Amino acid sequence: MTDTTTLDGEAATDEAQPRSGAGMTIWRWLAAGLLVALLALMAWGLRTRAGGPVESGPAPDFTLTTFEGETITLSDLRGQVVIINFWASWCPPCRDEAPYLEATWRKYKDRGVVFIGVDYVDTEPNALAYIEEFDITYPNGPDIGQKIAQAYRIKGVPETFYVDKTGQLRGVHIGPLSPPILDNKIEELLAE
Amino acid sequence: MCLLQAQRQAQMKQLSALISVLLLIALLTGAAYAQEPVSDDEVNAIAKHLYCPVCENTPLDVCPTQACKDWRELIRQQLSQGWTEDQIMDYFVANYGIRVLAQPPARGFTALVWILPVAGLVGGGLFLWRLLRRWQDRRPPAESVAAGEGAAPPDIEPEVLARIEQEVESRF
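Residue numbers (the working numbering), protein chains in the order written: chain A, 567 to 758; chain B, 57 to 228.
For the record, the hints were derived by calculation from the structure and aren't laboratory data.
It is possible that some hints are incorrect.
Stated by the list, open to error - Only part of the chain B face toward chain A is listed, based on derived beta-carbon distances under 8 angstroms:
#, residue
1, Pro109
2, Asn113
3, Ala123
4, Asp126
5, Trp127
6, Asn151
7, Tyr152
8, Gly153
9, Leu172
10, Val174
11, Leu177
12, Gly179
No experiment lies behind these values; they were computed from the predicted model shown.
A virtual CB, placed ideally from N, CA and C, is assigned to each residue, including glycine.
One chain only, chain A, in its complex shape (with noise of 0.2 angstroms):
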């Protein structure tokens, strides 16, 4: 009974004032759909934070120029198995794997196996004391706007990418190679 009174004294309200009730129906419906954009929002960008590498599915394809002014596009190497290895000269464990990289390239080179070197979030000068430190032979190009860093959502370097003949990813290495990691990878890829 008191319900019944309550709802005809908002009835009563609303038809007294129709333009009040169909302005707040706008504003409840724009305040709902904004709320749905910003929630709609944070969660992509949550999944994006939270998801980890890319390690499955088409490797994101990327154009890099490399030190040397020369400019290697991913989506042109198929028919050839790819290895991506992000790395900066400031990171302890990417000194760690250089050496053994530069092996494995120097190894594989000649079998249909491109190496190409991002280098993430570094100052040139240090990055090419490093590749020359190190004797660096395959390509190796700075991530301008970390644009490729984000593609593939790298957590930190070093992390090294495998992309097999038909530019699918073949999964992610976190942290330093060590011998045999990237041979038996390389092997099983180039053996499809």
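For chain A, the structure is supplied; the task is to place chain B on it using the hints.
Okay, now just chain B, sitting in the frame of chain A:
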């Protein structure tokens, strides 16, 4: 005549030595001025507007990582080469992405960072204001409260209240 010539030559030598010394002093002073080291404060004045690329939420001027030390050194070099603060900031954004900025620019997608809190405050304020007004409209007139049983909630009618009391009494 020969004596005069010799004196003149000696004077010329002295003059050229003096000029050489003056030139040397000028050069050394100039070099010292050009190589005047950029202070940490000058570097940090710019670094505090940037964030560490490796650690989360750490301003560049206080971050102890090697990556940040390298970046601060880069800023020092750029300042010593006469770069302005804007040029340095532009360089960092172009090379390392917009996320290195401590304060995202109020344009494009990042403008949301500035707009959303204000919109949230305004929207929240409006919502509260409407809610309070509605509560105020629903409050019963003062006489109906007085007509009730004093401490009884205003929405409950006397008959309902009487029934509740009856029920309670019958149970205890």
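Structure-based check of each hint:
1. Pro109: holds (4 angstroms)
2. Asn113: violated (13 angstroms)
3. Ala123: At about 5 angstroms, which falls below the 8 angstroms cut-off, the nearest Cβ of chain A leaves the hint on Ala123 of chain B intact, so it holds.
4. Asp126: holds (5 angstroms)
5. Trp127: For Trp127 of chain B, the interface hint holds, since the closest Cβ of chain A sits about 7 angstroms away, which is under 8 angstroms.
6. Asn151: Hint holds; Asn151 of chain B Cβ to chain A Cβ min 6 angstroms, cut 8 angstroms.
7. Tyr152: This interface hint holds because 6 angstroms falls under the 8 angstroms limit.
8. Gly153: With a closest approach of 4 angstroms, the Gly153 of chain B hint holds.
9. Leu172: At 7 angstroms from the nearest chain A Cβ, Leu172 of chain B passes the 8 angstroms test, so the hint holds.
10. Val174: violated (13 angstroms)
11. Leu177: violated (13 angstroms)
12. Gly179: Gly179 of chain B check passes; min Cβ-Cβ to chain A is 6 angstroms, inside 8 angstroms.
The structure shown violates the earlier hints numbered 2, 10 and 11.
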